[in-house]
Amino acid sequence: MLNLHKDKEPVRISYNHPSAASELGSSIAELLSERPAGSNIVVMCIGTDRSTGDALGPLVGSELTERTHDFVLYGTLDLPVHAVNLEQTIARVQRSIEQPYIIAIDACLGQVANIGQISVARGALQPGAGVHKQLPSVGDIHITGIVNVGGFMEYFVLQNTRLSIVFRMANVIADALSYASELHNLHLSHNANITSRSTIPRFSSLFKSK
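Numbering (this note's numbering), first residue to last: 1 to 210.
These aren't lab readings, by the way, just hints derived from the structure by calculation. Fair warning: there could be bad hints in the mix.
FRET-style restraints, in silico, Cβ to Cβ [as the list claims (entries may be wrong)]: (1) Ser39 <-> Pro136: 15 to 23 Å; (2) Tyr155 <-> Ala37: 39 to 47 Å; (3) Ile97 <-> Leu186: 33 to 41 Å.
Calculated lysine to any residue pairs in the SDA-like style (CA-CA distance at most 25 Å, straight line) [claimed, not checked]: (4) Lys133 <-> Ser39; (5) Lys133 <-> Arg122; (6) Lys133 <-> Ala121; (7) Lys133 <-> Tyr155; (8) Lys133 <-> Gln88; (9) Lys133 <-> Gly123; (10) Lys133 <-> Val93; (11) Lys133 <-> Leu79; (12) Lys133 <-> Asn85; (13) Lys133 <-> Leu163; (14) Lys133 <-> Ser51; (15) Lys133 <-> Arg50; (16) Lys133 <-> Thr76; (17) Lys133 <-> Ala91; (18) Lys133 <-> Glu154.
The beta carbon of each residue, even a glycine, is placed where N, CA and C say it ideally should be.
Work out the full structure: start from the sequences and follow the hints.
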């Protein structure tokens, strides 16, 4: 079982690990348990379907629409969140959602040995950093997937990334988010039951015979 550490090191696992979705989902749920009371969870899937490698985010969003979850979702293949509309989308979220708590998802490039790795960590991500774009940071939690090798000709590399690996990574992340939603709801229900039980004796004591 992968655990989040107090030093805030990201949780990282390969998409083809047998328990990848459950491990990532458990880690996401653990982070969600720390969110401020009253906040609303937003999943923002960043990327574009015009580039195979950069389609990870929109694929996650579209796959998530087919799964059970309680998140507010931005970014799908039909309505992507990308470099052109990212700032506008962030502003819309801030205007329309009370206390948004954002899970940001994006593709990234890395070392050959790490292709296929999916990471979950606290804090914001910097979209476009892998292709040297200056875009606003976003996210209270972020999920990234290494879709190909970085360091040279990044746009060309993203355009020529295999759809197969991106699609399978997207499915794992969508499964993880759905599982995290389920675990988080169980956590909230458990806490509510504890609170309810702790208040019952105080009320029932009013009816005890003297």
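Could you tell me which of the hints above the structure violates, numbers in ascending order?
3, 4
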